Amino acid sequence: MKKIVCLVLAVAALGSLGLAKTKIVIAGRDGGYGQVLELAARLYMADHPDVEIELLKLPYASLYEKLVIDLAEGIGAYDVVMLDDTWATEFMSQGWLADLEGLGYTPDPDFVDNALAVGRYPYPDGALYALPHVGNVELFAYRRDLFEKYGLPHPPRSWLEVLGAAALIEEYEPEVSGVVFRGRKGNPIVTGFLPIFWAFGGRIVEDGQAKVASPAGVAALKFFLALKDYAPEGVEVYDSSEVKDALLAGDVAIAIEVWPGWVPALDDPAQSKVVGLVDIIPAPGLVEESSPMIGIWLLGVSSASQNKQAALDFIEFTTSAEIQRKLTLELGHPPTRHSVYSDPEVVANYRWFPAQLAAMDSAVPRPRVPVWSEIEGVLGDYLQLALVGEMSPEDALRAAQARIQEILER
Amino acid sequence: MRTTRPWHERYFHFILLLPALIILLFLTVYPLANVFRLSFYEYNYLRGAPRFVGLANYGRLFSDRFFVDGIRNTFVFSISATALEVLLGLGLAVLFNRQFRGRKLLLPLVIFPMMLSTMVVCAIWRSMYHYDYGIINHFLSNFTPIVNWFRGVFGLAPVAGIKVRWLFDPDLALWSVVLVDLWQYTPMAFLILLAGLQSIPKDLYEAARVDGAGGVSLFRYVTLPLLRKHLFLALLLRSIDTFKIFDKVYALTGGGPGSATETISFYIYREGFKYFNMGRASAAAVVMFLAVAVVTVFYIRQVLRGENA
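Heads up: the protein sequence lines correspond to chains F and S, in order. Each residue of the first sequence is one higher than the last, beginning at -12 in the numbering used here. Each residue of the second sequence is one higher than the last, beginning at 746 in the numbering used here.
The hints are simulated quantities; they were obtained by calculation from the structure and are not laboratory data. Check the hints yourself; a few may be wrong.
[Claimed, not checked] Below, in silico cross-link-like pairs of lysine-lysine (DSBU-like), each with a Cα-Cα straight-line distance of 30 Å or less:
hint: 1; chain 1: F; residue 1: Lys209; chain 2: S; residue 2: Lys908
hint: 2; chain 1: F; residue 1: Lys313; chain 2: F; residue 2: Lys10
hint: 3; chain 1: F; residue 1: Lys8; chain 2: F; residue 2: Lys215
hint: 4; chain 1: S; residue 1: Lys849; chain 2: F; residue 2: Lys44
hint: 5; chain 1: F; residue 1: Lys10; chain 2: F; residue 2: Lys260
hint: 6; chain 1: S; residue 1: Lys989; chain 2: F; residue 2: Lys44
hint: 7; chain 1: S; residue 1: Lys1019; chain 2: S; residue 2: Lys989
hint: 8; chain 1: F; residue 1: Lys260; chain 2: S; residue 2: Lys989
hint: 9; chain 1: F; residue 1: Lys295; chain 2: F; residue 2: Lys8
hint: 10; chain 1: F; residue 1: Lys44; chain 2: F; residue 2: Lys313
hint: 11; chain 1: F; residue 1: Lys53; chain 2: F; residue 2: Lys8
hint: 12; chain 1: F; residue 1: Lys136; chain 2: F; residue 2: Lys260
hint: 13; chain 1: S; residue 1: Lys1019; chain 2: F; residue 2: Lys209
hint: 14; chain 1: F; residue 1: Lys215; chain 2: F; residue 2: Lys136
hint: 15; chain 1: F; residue 1: Lys53; chain 2: S; residue 2: Lys1019
hint: 16; chain 1: F; residue 1: Lys44; chain 2: F; residue 2: Lys8
hint: 17; chain 1: S; residue 1: Lys989; chain 2: F; residue 2: Lys53
hint: 18; chain 1: F; residue 1: Lys215; chain 2: S; residue 2: Lys1019
hint: 19; chain 1: F; residue 1: Lys215; chain 2: S; residue 2: Lys908
hint: 20; chain 1: S; residue 1: Lys849; chain 2: S; residue 2: Lys1019
hint: 21; chain 1: F; residue 1: Lys198; chain 2: F; residue 2: Lys209
hint: 22; chain 1: F; residue 1: Lys198; chain 2: F; residue 2: Lys260
hint: 23; chain 1: F; residue 1: Lys215; chain 2: F; residue 2: Lys260
hint: 24; chain 1: F; residue 1: Lys198; chain 2: S; residue 2: Lys974
hint: 25; chain 1: F; residue 1: Lys53; chain 2: F; residue 2: Lys260
hint: 26; chain 1: S; residue 1: Lys1019; chain 2: F; residue 2: Lys295
As the structure is a prediction and not an experimental result, all values here were calculated from the model.
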């Protein structure tokens, strides 16, 4: 009897060993990004029955806090981490992410260069720590019908043309505001301002020194404030949802900042009053060429992960051309590969993809400094003080520059 | 002959208290002491070890306009929201202390806002406050002809429509946040005060009436003195809660426009959890702790004085 019991236990133990699955824990975003990762995880598990994936869908701020604490303490609770490219320099410089080439990965030239570069440290050609997953880039939207009605040159090539068009449309279309942007303090206003700031030749940090208050920076801020005259009342507290609502309702002629994540809504008759009337282009230029802001979401492997190879395999799978194409066609996922952007079926579904690829090719990343989050907060505070008229553009940028310099020297 | 009890009997009550004391030590005393210690260090959680800087963090705080504005806004918000909530709560409590038709139906409706999540409340109010599409401005625009008639009387040009810049007028934004807090938390003061009113013996009113007291005298000389403890409790709880104002600012204005709705809690959140400047966040937290402690001690002394009188 004893022998039989021992035999059963041994068989059960061996069986459990044979059936033991490798478990990967992913710390990812909620919302649409979460849906994309969920589909990728389902496809991966169907291909790899020996792997179990636990996906955590977290809001932006919560994901950042959880990642910082886990990675800084080397806890290793997450194997795959999804990170905003503005966090990447911090994470990579601290050694919190595994070197992917060290794990045996060979970079694929199919990735858009600008998207791949933000996953490298030092930027742009150091070691590769993360692969580009979401091809987010700032786009520019304008009402083609109104531009044609008033004989305005389109698409607008320079920011001066944008200002002229906004003024003219505002004057002759009483129900339509000339332009809309995100004016809420913090990240929103900085994101709205940067394509203009860069196009005017402004730089936030150059050679380790804060430079926002340069003549180019001041000129850009004055221009931004001039645009406000043609923006809807209350633009000072506008965030993405308000910009989106105004554009979808046909209440604005130009949105200086729209994102691939919600652009498809413009052509959805259930949501939009301007189906087929809005053209999407890369942001105009001025002193500099078009300088849209890139906002890539990356996938990396935690240095403290116990399953680095499995985690890398999942990332390679998710960012592969075949899976990206599937994610794009099924969920509108913004890709990061040339081959997906040029796929005829994809382009037939998403008419703005050629413009999106052009925007990614000319895009500018936010400064590759480990303290960007704080710099962005400070800049956002002072830009808003200028926007609400509490400070002059010169004073606001001088104050922001002093604070940014202090952060850089700390 | 004097008998000596064994030590475990003499100290039995201390032994019973020990688990609670240990928990208090680790969950309250240690974090407080650590926050106080960290406030003297330059310490970013992401970069490097703490560096002792003495009072420099406090100096920086008071030279930062966002913190100074945050202190001012926190006091304005806390004092005005607390006073108005307790006043409105008292009015409602007096009303609901009487029997009237529909009382049972209205009571749950009055306390309903308090049961909602603050984020839901803010989402509702954010859409109601919207300048162009908000229901409040839509309602106010119905009064445009009346306002224009008055403007005409005074020789002023007519306005196209009455629209209020609820969340983006720097002079109004904080009061818009106060209004949301009033809507959500007046019921809390109301419930405390209603409980207080219902605990007052009816025969005191009858005796006062026999002595010739009218409605106002009854309220002034019977209700208010006997409601004193409940009033202070409502004031204390609402003061502490409103002093910590964070969620409504986060969801409604993000601290803007400019620094019009910055508060101490919002400042601490940004420094501590967005930038991970734990030293500065700790210094701001110590300032807030001291302010709340002063308010709490004041209220508790008032309540105790009432009890000892």
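Hint-by-hint comparison with the structure:
1. F:Lys209 with S:Lys908: Measuring from Cα to Cα gives roughly 27 Å; hence the hint holds.
2. F:Lys313 with F:Lys10: holds, 24 Å
3. F:Lys8 with F:Lys215: Roughly 57 Å separates the two Cα atoms, so the pair is violated.
4. S:Lys849 with F:Lys44: violated, 43 Å
5. F:Lys10 with F:Lys260: Since the Cα atoms of Lys10 of chain F and Lys260 of chain F sit roughly 46 Å apart, the hinted pair is violated (cutoff 30 Å).
6. S:Lys989 with F:Lys44: holds, 28 Å
7. S:Lys1019 with S:Lys989: holds, 18 Å
8. F:Lys260 with S:Lys989: Not OK: Lys260 of chain F and Lys989 of chain S at ~42 Å, beyond 30 Å, violated.
9. F:Lys295 with F:Lys8: holds, 15 Å
10. F:Lys44 with F:Lys313: holds, 21 Å
11. F:Lys53 with F:Lys8: Within the cut-off at roughly 25 Å; holds.
12. F:Lys136 with F:Lys260: holds, 18 Å
13. S:Lys1019 with F:Lys209: Given that 30 Å is the threshold and the Cα spacing comes to 29 Å, the pair holds.
14. F:Lys215 with F:Lys136: holds, 23 Å
15. F:Lys53 with S:Lys1019: holds, 12 Å
16. F:Lys44 with F:Lys8: holds, 22 Å
17. S:Lys989 with F:Lys53: Given that 30 Å is the threshold and the Cα spacing comes to 23 Å, the pair holds.
18. F:Lys215 with S:Lys1019: Holds - the C-alpha atoms of Lys1019 of chain S and Lys215 of chain F are around 29 Å apart, at most 30 Å.
19. F:Lys215 with S:Lys908: holds, 19 Å
20. S:Lys849 with S:Lys1019: Status violated; Cα separation ~46 Å.
21. F:Lys198 with F:Lys209: holds, 16 Å
22. F:Lys198 with F:Lys260: violated, 42 Å
23. F:Lys215 with F:Lys260: Given pair Lys215 of chain F, Lys260 of chain F holds - Cα atoms ~24 Å apart, limit 30 Å.
24. F:Lys198 with S:Lys974: Cα-Cα ~58 Å, so violated.
25. F:Lys53 with F:Lys260: violated, 40 Å
26. S:Lys1019 with F:Lys295: Holds, because 28 Å separates the two Cα atoms, which is no more than 30 Å.
Checked against the numbered hints above, the structure breaks hints 3, 4, 5, 8, 20, 22, 24 and 25 and satisfies the rest.
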